[in-house]
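Residue numbers (the UniProt record's numbering), protein chains in the order written: chain V, 1 to 99; chain X, 1 to 523; chain L, 1 to 637; chain D, 1 to 280.
Because the hints were derived from the structure by calculation, they are not lab data. Note that the coordinates shown come from a computational prediction; the quantities given were computed from them, not determined experimentally.
Label-pair distances were calculated between CB atoms; the ranges are:
1) V:D56 to L:S619: 30 to 36 angstroms
2) X:V11 to L:S619: 44 to 50 angstroms
3) X:D226 to L:N592: 40 to 46 angstroms
4) X:I308 to L:S619: 45 to 51 angstroms
5) L:R570 to X:I308: 20 to 26 angstroms
6) X:H511 to L:N592: 39 to 45 angstroms
7) L:A595 to D:V153: 55 to 61 angstroms
8) D:E14 to X:I69: 57 to 63 angstroms
9) X:F3 to L:S619: 56 to 62 angstroms
10) X:H511 to L:I422: 52 to 58 angstroms
11) L:S619 to D:S231: 40 to 46 angstroms
Even glycine gets a Cβ: it sits at the ideal position worked out from N, Cα and C.
In case you want the letters, here they are:
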Amino acid sequence: MNPVNYLYLAALLFSIGATGVLIRRNAIVVFMCIELMLNACNLTLVAFSRMHGNLDGQIIAFFTMVVAAAEVVVGLAIIVSLFRSRHSASVDDASLMKL
Amino acid sequence: MSFPLLTATAVLPAIGAIATAAVPAAQRTAAKWLALLVSLGTLALAITVLVRFDPDGDRYQLTESHSWIAEFGVRYELGVDGIAVALIALTALLIPFIILAGWHDADPLETGSKRWRPTQGFFALILAVEAMVIISFEATDVFLFYIFFEAMLIPMYFLIGGFGDRAHEHGEKAASTQRSYAAVKFLLYNLVGGLIMLAAVIGLYVVAGNFSLQAIAEARANGTLDMATNTERWLFLGFFFAFAVKAPLWPLHTWLPNAMGEATAPVAVLITAVVDKVGTFAMLRFCLQLFPEASKWATPAILVLALISIVYGALLAVGQRDMKRLIAYASISHFGFIIMGIFAMTSQGQSGATLYMVNHGISTAALMLVAGFLISRRGSRLIADYGGVQKVAPVLAGTFLIGGLATLSLPGLAPFVSEFLVLVGTFTRYPVIGIIATFGIVLAALYVLVLYQRTMTGPVKPEVSAMPDLRVRELVVVAPLIALLIFLGVYPKPITDIVNPAVQQTMSDVHKKDPQPEVEAAK
Amino acid sequence: MENLIALLIAAPLLGAAVLLCGGRRLDAVGQWIGTLLSFASFAFGVVLFADLLGKDPEQRTLTQHLFSWIQVESFQADVAFRLDQLSMTFVLLITGVGSLIHLYSVGYMEHDERRRRFFGYLNLFLAAMLLLVLADNYLLLYVGWEGVGLASYLLIGFWQHKPSAATAAKKAFLVNRVGDMGLSIAIMLMFLWFGTFAFGPLLGGEGEPGMVGDASEGKLTAIGLMLLLAACGKSAQVPLQSWLGDAMEGPTPVSALIHAATMVTAGVYLIVRSGAIFNAAPDAQLVVTIVGAVTLLFGAIVGCAKDDIKKALAGSTMSQIGYMVLAAGLGPIGYVFAIMHLVTHGFFKAGLFLGAGSVMHGMNDEVDMRKYGGLRKYMPVTFVTFGLGYLAIIGFPGLSGFFSKDKIIEAAFAKGGTEGWILGGCALLGAAITAFYMTRVMLMTFFGEKRWQPDENGNEPHPHESPKVMTIPMIVLAVGSVAAGFLFNWQSSFIHWLEPITGHDHGHAPLSAGVITGATVACMVIGVAIAYGQYGRRPVPAVAPRGSVLTRAARRDLYQDDFNHVVLVRGGEHLTRSLVYVDHTLVDGVVNGTAASVGGLSGRMRRLQNGFVRSYAVSMFGGVAILIAATLLMRAV
Amino acid sequence: MSAQLAAYSTSTGEAFQFWVLGTVAVIGALCTVFMKKAVHSALCLAGTMIILAVFYLANGAYFLGIVQIVVYTGAIMMLFLFVVMLVGVTAADSLKETIKGQRWLALLCGLGFGILLIGGIGNASITEFNGLAQANANGNVEGLAALIFTKYVFAFEITGALLITAAIGAMVLTHRERTERAKTQRELSEERIREGKHIPPLPAPGVYARHNAVDIAGLLPDGTPSDLTVSKTLRERGQIRDVSTEALNDLKALEQRAEERLERTAIEPSTFKRPEEASK
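One chain only, chain V, in its complex shape (with noise of 0.2 angstroms):
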């Protein structure tokens, strides 16, 4: 098997990620939609250290996981605030940058 294998599968799941973020409406779901093109990136990032047969490319996955962390943490607060507010987690509630 071709190793290539692995970025067709993390395209795959990089474009099922973004339809997800652009159907849900749930805020958290969202965001898991988002982890998700996260990790498709981290597989390519991986599977072309192992072709490049160096481990600059896992340091990269490494660093965009603590990113994600990151991200998370702060995101995750955003929605808590969010809800407490509005007593909603819809991104759609959140329309109000329109003429």
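Chain V is fixed; fit chains X, L and D onto it per the hints.
Quick look at chains X, L and D alone, frame taken from chain V:
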């Protein structure tokens, strides 16, 4: 490295603008005096330029040149030829009168109003315009010129949109809406023109590799830089369009009546007597020098447009009910004469056109400012609201009449000299166009005299019966202008001597010779 | 000596400047300053005249070069003056009559609070008129030409509070502008073809010929016709005559000075001055004669029908200038007589107008002759002076009009050929009509019973003789109009005086001079007789009878004003109004339309901005997809 | 030849693993997107992540694989679940689309994007494929460590700073300062009186001392259940057991038995129907 006189001439009003704007809100009068002093200082500098300029010397004098944006070969290059000197002198001369005439135009409506320091803003903007106009007269680097040619619009926009006539027949609300309409129209027209010019400027850079007027013109002259015919024509059109909007040439003129109608009289003078001159000046300096062949190619069309402007503007002036719009259309007619003179490609035509720019500035200033004084007394721009003013305010009427006579270019007053030169210059090359243009002088008489008759003569209307005559400040504004009109009408030599050599060089740029009188040739 | 020439103009110019800028403090003495300076100018004129007389006839040309006015390459216009016999004649006429009329005005305008300005304008007129006749090139002449136009505009509209006056002034200026257009085109043609428009090189003089000799006839005809157009405007010749009648709205001294004696004759001066051009362009000359003949009949007919004494005189002025133009069109045969008639006309017509003014002065400014009658008892001096002027104009043998007009008629016949007969006939007919309408004026004004009633506020006019300051000029002018003709013909001194400039030949008259003179006198007598039969024998009705078609047409200036009104004024109004509409709807509409469409489009685009972060995300995501596709395509290609 | 093959392919075991787990991963991802309840999505996502961890391991990224399991699946997903619990069930969970065309656009974009990516990867010619053999020679973790603490040390430090900032930020965002004093019972009761509704305390759940579970709505005198008696969350989740009919039927049965015992003429036994049901 001598003292950078040209830079100083442009920088002084700029600094003055900042200083005026910085005057605290309370000291309105201080701001006014500061602005007036700065403008007078600029006038002094301009006169120094005039004196230091040697008509028989090099083409461009008092030059300054510094590298600015080396990557694009943009340089800070200044230099004046006779034409520029004359126009700089005109600008510097008119601004003090404009400031003095607009002394009270920007006072807050009610004392202690919270409007953001309107007075300081007004005078600062006027000075800013002066600085930009002067530097665009001085710039010999196309890019440098372009920048200030465009930047001018910003202060003008605020001057038009921000300060209208104090009293307005349709009430303050309607006035402000019309004002903003006029301001936006002015801005859009000139921006469109400017953008097209920008494209042409870039194109020129692509073709020529630098922006220096002298370098390019020289290269064109000695054939080291030859453009493809079409390229040259397109670039020419790009430049010319912008200048034609600014000038304004029919059918790109409709912004002028709105702008001049809605703006206060001094600002209207600023538009037509100072800012628009940049357009005609640029035709003479850039279009002809950079694209001589294309200029010759376009001449017939441009002459026809100019002719239309002359007759059309005059006819519309006859049809106006609003005296400021009337003067605006008269100016359109006069700009037609100027452009016709420039593209007649005869030394009489071009000297006449340059002289015309100066004279038209002075005469329109005189007429428009007096009209402004009249309007400020009655609070209406409609001609029909006046009548018999001559009886209650003879001096005002007299100055108005002289301004009008100058506008219809009566012999003995300055505009006659220039108008006749333009007509002769055109006639010697294009007799038919010259003759048709001569009809313009009849129409001019018509609109001026109709205006005078309706406003000044006849039985005294009750509304004007209590109208005071010109005050001292207003006399101080008008009297020198009229004196200048008469002097230049009798003795235009000082200007023609400066202008002629420059015009000769321009003529040689376009490889044109004056037509020779047939009979003399036969002899 | 030459330097005096500038002073001729400077004196009245100074007066104008002082009086117009002086302000109220000069109100008391203004009229005297003006009069004094005008007399000063006259004095300079006399001195120069004496100087010229002292010279040999061929050397009687003084030139003074002040400074170079306009100088652009080959275009050279100098401020330079040329004083020769022709201009000398005019200088004397202008300053002389002008000064007298200044004097007269002192009395006439006594009660006008804007007197100072009036005299300022008068002085301005003198200066401009002198500039006109003294200029050494056509461009400077043009300055004077428009200068007198301006002065006439200001003076016609002097009583600006009367709308009629303001309108008349505007009309006069505009019609003159049409003529000026001709002059400026003529100058342009001269510059185009000869490269100069100075008298010396162009027309020649002091013996050597001018450039016009080398030009083709067609060119000269074109220039000549343009000059004629100018002359028509200034001298109220058909078809540009319509302004003169209305010009009578001005104060009577103005009518006397500007619209009778001097300014309106500028056209004749122009033609005579440009004689070198016309001599070489017979077609142009023919047109000139035709214009002259038509106008002299036109003016005469109009003069017959007017009840307004000044308008009647205006018609006569038109007609008399027609005579001059006719003569000027005849070439060397007629130039001298044109000028001679011009001078004599200057005397008697000015006298007549001053008389009319004096009558109006006594009659509370009543101008309708039907409200006069029998005034000879009340104002004898006016009656006598007016009467002498009357005899002079109808060409009563021995008086000045007789000599000059008779000579013109002879010259007309002397042109020879059919046109000689036609022109001569017109001139004779004109003489008869002149006699008729002048007799009519005379009778209606001074003879018969008094016909004036108290006006609406009940104060009846008390006709009285005018003060000395007014009568003296009238007397002087009357003397002039009696004696001038005789003096000029004394050993044909006038011919010899002008000959070096205008040249002179006698032509070949088909009839002997005696016959023509006889015919002239006969026509005059017939005219007088008819007039007497109509107005002398039976009383004059106080309201004008309806009259024949011709009469009614003549009252309305032969419908020329109506024509102008319908064709030019109405048409112009429609044109401008429609143009204003076009400018607003079409030219401006395009622009505003573009703006509106852009606004609408953006308004529709705004809908996309719905605030849902997810739809924003979609567009962003789609954008990225498109970008990737684009890059891939690029790679693929 | 075989070296070449080795360079281009992997062991059949890994292939098998890939195809099986890959399918599962995709299904998990799809479930994450399309599950109605957030909880289920979270669980599916966790599953997917674990599979990804396996793939990491398979790709020789041992450290990352462990970290993936520990940090992501262990910590982050749990965090998600906590938040889901806090937020509870909201209307946002419904998959019904509210923005017109949004769904189709989204699907289109996703599809197109996926195709593009895959197409792109297909085009990309990835020739040489040298495993991590010598990279991981002396241990994967050591290798990473060597890189992190030399080449990427600054990035590493910065991410550390980022984590701290994020932690503080989360606290700042979620921590709510109590601005006003808590209301006393007295004030609360007075408020209720003023508003004039629920003047007594809310009714307790449970029926006839039989069912006292919190998810059973108390019955009103006419036998209908009162929602006031159960907690809001349960209501929204629809996890309320309605015992009204059953309770009434029991009552009926009791009376019947009493009749039988007293040998009364039995009324025909008919199960009680609630009026509205009867009307149906």
